[in-house]
Amino acid sequence: MLDICAAYDSVWRDGLRYKIRNNFNIKGRMYWWIDSFLRERAGKVVLNGASSQLYNFRVGVPQGSALSPILFLLYINDLTDVIHHPIQSGMFADDVALWTSIFTEDTTEMQRQMELLQYSLNGVSEWGCKWKMALAPQKSQCITFRSKNKKKYPKLKIKLDNTDIKEKDQVKYLGLIIDSKLTYKQHLSLSVYKLLFKTIILPILEYGCPFWNGTSEVYKKKLERIQRIALCRILGVMSWTAYDTVNMMAQMPPLELRRQQEEVKLYHRCIQISEQLPEHNLTLAYRLWEQNHNVPENEFYCWRGKLSPLSRACIHAEEMKIPTITPDKKAIINKPPMQRKKIPCPNKSPFPQNAEPPAEEILTSINNKTTVIYTDGSAFPNPGIGGVGVIIQDQSNQEHVEIEHPVNGINKKGT
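Taken in order, the sequence shown gives residues 1 to 415; the numbers are from my numbering.
These are calculated hints, taken from the structure and not from any lab test.
Check before you lean on any hint, since a few could be wrong.
[Unchecked claim] Straight-line Cα separation of at most 30 Å, DSS-like style, residue types lysine-lysine; simulated pairs:
hint: 1; residue 1: 181; residue 2: 159
hint: 2; residue 1: 19; residue 2: 155
hint: 3; residue 1: 265; residue 2: 321
hint: 4; residue 1: 265; residue 2: 44
hint: 5; residue 1: 155; residue 2: 166
hint: 6; residue 1: 159; residue 2: 185
With the hints as constraints, model all of the structure from the sequences given.
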């Protein structure tokens, strides 16, 4: 199992452009569209309300985009060319695995297979150096699947970038925990039940927790008991194991900590949208809370009743030393539906005034009295030679009117 360091963030863009043109023969408008998608990428880091400066990224593909996984697969597609037969390989996004199958107990054949596997790893290392993809030998793993006595088989010794790859009794690949005997005991006893707990039970225990977290500790301890019993059964430990110990073994934070985090998220959300959406219910509640808690620095007050969610979140943020955030100044581009600009509608239109009919209704409304006009424009390269064209389709005339106008030195923005 090979690990690629920061896979999506390490893509060499010039190398990706080269492979798109030469390996996949993507040219013309499609190529220039992808090239424009990769250019002038910038970003910043936001942590607990504090943001860094804006930096330009010259490598990598943007994460979160639907196009990025496809571009990454195009970039690493030729990785299998350096694998020597009969070594096999499998790739799913940035998860790469190499394996071979031996159906004999001959140690000479086993040694030959391991040498071919090492040659393939050397080829993968050279491929990474050539295309500027860093591999992580420390995070890479290897495993041998044996059905009989391990002493009959030689120990697996392979290297990646002159670093030994540690042999494990079990590895995790694509979310599946595979052990050396292929029993899948660890996967079925831990992963599935833990996944069920996270996806079914935990959302029920935390639903609406920022609002009801101020309830009595007696009721909240009942929820913690449910988590402790569930994790004890998943881990296979005694039912009276301490709550903190079970959470550490399962790598699950306590419910109280998760509820406090949700309260802080709600508190920050109210602050962020307070200027963008002044009429929002969260903004109105935050303004009212801020007005009631606007106390001079030298004065203090004592609250006898239950604390509100915003008050609890404010206290938790100070206890966790989370930096204060400021309201977002960027205007929201999307307008509500009632504020959309009305489209002019001609008097002879078959559709209601100010309506936006879908394409199907427009096509079905075309009759013998309808005149259809098609327009298009392009430039290649950008800037370069371009032009515009118009086709007028009159139902009363069998011949269509075509108008073309070439223009030199224009770009895709029309300037």
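Structure-based check of each hint:
{"no.": "1", "hint": "181 x 159", "verdict": "holds (23 Å)"}
{"no.": "2", "hint": "19 x 155", "verdict": "violated (39 Å)"}
{"no.": "3", "hint": "265 x 321", "verdict": "holds (14 Å)"}
{"no.": "4", "hint": "265 x 44", "verdict": "holds (20 Å)"}
{"no.": "5", "hint": "155 x 166", "verdict": "holds (11 Å)"}
{"no.": "6", "hint": "159 x 185", "verdict": "holds (29 Å)"}
When held up to the earlier numbered hints, the structure conflicts with hint 2 and nothing else.
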